[in-house]
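Novice: Start from the sequences, fold in the hints, and give me the full structure.
Residue numbers (our numbering), protein chains in the order written: chain A, -11 to 290; chain B, -11 to 290; chain C, -11 to 290; chain D, -11 to 290.
Worth double-checking, as some hints may not be accurate.
[As the list claims (entries may be wrong)] Below are the SDA-like pairs computed for lysine to any residue, each with C-alpha atoms no more than 20 Å apart in a straight line:
no., chain 1, residue 1, chain 2, residue 2
1, A, Lys86, B, Lys181
2, C, Lys28, C, Met(-11)
3, D, Lys181, A, Glu261
4, D, Lys218, A, Glu261
5, D, Lys284, A, Leu260
[Said to hold, decoys possible] Now the in silico label distances, taken between C-beta atoms and shown as ranges:
no., chain 1, residue 1, chain 2, residue 2, range
6, D, Asp22, A, Gly278, 19 to 25 Å
7, D, Gln58, B, Arg137, 44 to 50 Å
8, C, Asp61, D, Arg137, 56 to 62 Å
Since the hints were made in silico from the structure, they are not lab data.
All C-beta atoms, glycine included, are put in the ideal place defined by N, C-alpha and C.
There are 4 protein chains.
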Amino acid sequence: MQVGLIGLGKMGFNLAQNLMDHKHEVVAFDLNADAVANVKALGAKGTTNLKELVAQLSSPRILWIMVPHQVVDSVLADIQPLLSKGDIVIEAGNSHYKESIARYEQMKTTGVHYLDAGTSGGMEGARHGACYMVGGDPEAWAVVEPLFRDTAVENGYLYGGKAGSGHFLKMVHNGIEYGMMAAIGEGFEVLEKSDFEFDFEKVARVWNNGSVIRSWLMELTERAFSKDAKLDELMGTMHSSGEGKWTLETALDLQAATPVIAMSLLMRYRSLETDTFTGKVVAALRNEFGGHAVEKKSPVLV
Amino acid sequence: MQVGLIGLGKMGFNLAQNLMDHKHEVVAFDLNADAVANVKALGAKGTTNLKELVAQLSSPRILWIMVPHQVVDSVLADIQPLLSKGDIVIEAGNSHYKESIARYEQMKTTGVHYLDAGTSGGMEGARHGACYMVGGDPEAWAVVEPLFRDTAVENGYLYGGKAGSGHFLKMVHNGIEYGMMAAIGEGFEVLEKSDFEFDFEKVARVWNNGSVIRSWLMELTERAFSKDAKLDELMGTMHSSGEGKWTLETALDLQAATPVIAMSLLMRYRSLETDTFTGKVVAALRNEFGGHAVEKKSPVLV
Amino acid sequence: MQVGLIGLGKMGFNLAQNLMDHKHEVVAFDLNADAVANVKALGAKGTTNLKELVAQLSSPRILWIMVPHQVVDSVLADIQPLLSKGDIVIEAGNSHYKESIARYEQMKTTGVHYLDAGTSGGMEGARHGACYMVGGDPEAWAVVEPLFRDTAVENGYLYGGKAGSGHFLKMVHNGIEYGMMAAIGEGFEVLEKSDFEFDFEKVARVWNNGSVIRSWLMELTERAFSKDAKLDELMGTMHSSGEGKWTLETALDLQAATPVIAMSLLMRYRSLETDTFTGKVVAALRNEFGGHAVEKKSPVLV
Amino acid sequence: MQVGLIGLGKMGFNLAQNLMDHKHEVVAFDLNADAVANVKALGAKGTTNLKELVAQLSSPRILWIMVPHQVVDSVLADIQPLLSKGDIVIEAGNSHYKESIARYEQMKTTGVHYLDAGTSGGMEGARHGACYMVGGDPEAWAVVEPLFRDTAVENGYLYGGKAGSGHFLKMVHNGIEYGMMAAIGEGFEVLEKSDFEFDFEKVARVWNNGSVIRSWLMELTERAFSKDAKLDELMGTMHSSGEGKWTLETALDLQAATPVIAMSLLMRYRSLETDTFTGKVVAALRNEFGGHAVEKKSPVLV
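Specialist: Here it is, written out as structure tokens:
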């Protein structure tokens, strides 16, 4: 099947190879001429010009967008005038499901089908077998399903229903991921603070073999400890790219009690600071009522 | 290797078979004569008399205790007088690591080695490949390691160090398990409350294939939904058997901030009640200051 | 000072009396003719017609809106065409601060000053001394400050700065309130579950006299227990009117770690259900891996 | 009434003055001769010798112990041999209620009444009117009640019932205090991170006048901001002296869901560290699966 692939970053480039492994014809676009040259060297067609990209695709066109979510809207604005009724756009980044629903409605005004595809599995997955959750019109899904079936791991794709459902599933997937990661981190923190002297890599390995908590995340934990036995070289700053926050915001809108996801997110924010205003207020209050000592900032540090 | 196995419940009976599959000689004890007869039918020796059990073992004796943790102390009290210096006792239940340390010290008074072995993987694991975390004297470990190697899955056992370390690891493993399960549950609750109409079994399947959150727990989630598509037949009462509480208590002693594990435990307690006193107080306060309506109990229900 | 008061509900009617106690001239509007008649009987002017209300006010007009937040926009749409440059509108309900900023901008298009005023203290406060937090143009504030000074308790009003700051302060005030109320509720739940037999009214009284946690909320707790010693007649359903949710959403936007406010909100949502889907998933998982019993719904109840 | 007061620290010295204000006869003991001299200068009797203290008291003796909880056991061991049947010991420090029950039983073996008295209100309270929660034998309570009535604020004392109930109430009081303080701190953190420019002292003042959250803690918040407008000089390290932890541990034993108290405690622990092992694990995992950048420790800092 012919696919117009927009975006040859880490994910897109791997996906291009994955698609070609399965005999799909890739026509790729990226502003970066090197990336285009590289993908052409592997057998794809390619261009740095969106109009050319669209022109090279046969109708109904299938476009797969794999770009940072900040630029999705600008890509859509650029291509919508070039597309025709019946064309299919797949947006496979980490967009908010409400944005995806709005974009679906917008593309529909010109008869273009819009599919929102959440993608999991990282770069490795994009290259050798990803996990997809897809929402949008069922007739468009029926056309492109082979692309997903071929580039996913076995059983690794799901048509979730109406527009937005793909990114909704991906969002909640990430919310669960936040909670799981925090649970693993907290467990190792208890080990680390204990009097026992554990080899964390070995602990992660045994927990990943036969135990109830065996999981890909535990495998990655083992891998991380194999590189740095006590993670001494790392800062514990936990950045976040949005999906965990969206999951909690959605939970609040649905009045769903999700304390584990909430706390895993809030502790990420907490990790961005070495000191907190909450802490200062509480320390000041303890001093006021109980005469408890407060720690003054060292003038040297200030 | 010859093993005296004490306890032929769900776990012990499966372990007996697992040991025999690997050519170990099992001499089993249980008060339940039927269980003993059943294990004898499979090729083990067996008895309902502890003295006989000990008498049948050659020195240094190896005893593997697989009984509910409430009866561990009574079993130990019964066997300690029968054992000799150099014998090895493996306690493979869900004991608190501090109890295990105390028992280790107590057994040491008569020269008996005591190993605390945390076991994960459920009944399936006991039968076909478990996951073990073991603490205690290294010289005793060296003797019995083959038993663990043979009955574990590959890479599924770890000698964690001094007495208590085995049950400590198992405890923290379960703490992580609480957090992971809660994260999965909360994710599905968000799906369930949303306007989308997801097939939860299919969602669990896709999340278990290629995604970041693929895990045995997600596999079990799929299995659970395959039996009852919306879990309509279940009550969401979340009982707990102690390890999550111990993990949190240990975290508090170590001043480790473990909010995800804490919340997963507290929500289990919350699930044991349909109404709360906290809620009544808050509802009463809202009524006092804001005139907000309170819900009165229906007289019929009271 | 002359005030056009829009809204004679629980809060507005009490405020009208409070204003008149301090010799302010109240011209009141409500669609409910009875409410208007009642306030006129107390010495106010009144009308059920907005145009008439505006016509009776001398320039620059001062309008104080005290209506449910759902109808604020419709009231503003009705009055904006009737107002002139330099008039001042005070909106004293529980609006989201972002809405207030948008309304401020909208009113500014016709030269009307818009002040957002958060009001605390309940009906009692509206009648005898409220607590106000006000945002908007300083020159408008300078004009109306006497109204706030007179109807507030001593030190009970604050000009917080630019548009939105009043409702922002009120929002955060309510977020703190959620946390405080939950803390009190949880404390009494621990008492209630303990083996001791406490008289909760007396406990609330002693905690409200001389202790660190003495507070108006503790006074209200005493009052609530004085009416129903164990709150036996109440359901612990904790409804919420939005500000706690807004506080958490704002905290997420600001990446502020606010776990106490978050949990107090999530437990309100939790209280709306007697069973949870999270709980069902966790119970199902415990059954899958450990053979732990699940509680089936009674067919009679289903 | 004659009281033997053991301990002339911050609390004890203030209490001595408070007792004398109400015409009670104070016979004070402290190892610190200066403290004894100071209290004598104010009209008390005093000694640095426990035997002398006991000898100076008429039967039935009343001893009020106001010492750090670490030395309570040693004081009790010293005085028990000196006391007679019917004497009354009041222990007014921050002991765990289970310890108090054990001490009650121990003192009972020699016929001595033991009362556990939780004290709140800080040094100011000890001097001018404290808040007391007392447990123990009702007949002993009947004897000493005047001491509590006189040195408490009005309505500021409660006999809570059997042994341990006093310290249980104080423990839960502190648990609530943790939650309230955290709620206040979090609220100000949201203000501090917002785009508005609030004067925190003024905010605390307005919230303490007429609002729902008016409270002594808010008064202290105002006082703290009056000294340091943005608490710039303080570190936000939140130490804890045990009662919050005990409250949570008790809640776990009672299976009471107390997430707000739990999080207020865990955030105190979190504040003791500038970086966490949990954070390192999560950061490492994000890097493993998503190639997300990690922050390396600066070699200069290490």
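Novice: Look at each hint and say if it fits the structure.
Specialist: Checked hints:
| no. | hint | verdict |
| --- | --- | --- |
| 1 | A:Lys86 to B:Lys181 | 16 Å, holds |
| 2 | C:Lys28 to C:Met(-11) | 17 Å, holds |
| 3 | D:Lys181 to A:Glu261 | 12 Å, holds |
| 4 | D:Lys218 to A:Glu261 | 17 Å, holds |
| 5 | D:Lys284 to A:Leu260 | 14 Å, holds |
| 6 | D:Asp22 to A:Gly278: 19 to 25 Å | 23 Å, holds |
| 7 | D:Gln58 to B:Arg137: 44 to 50 Å | 49 Å, holds |
| 8 | C:Asp61 to D:Arg137: 56 to 62 Å | 57 Å, holds |
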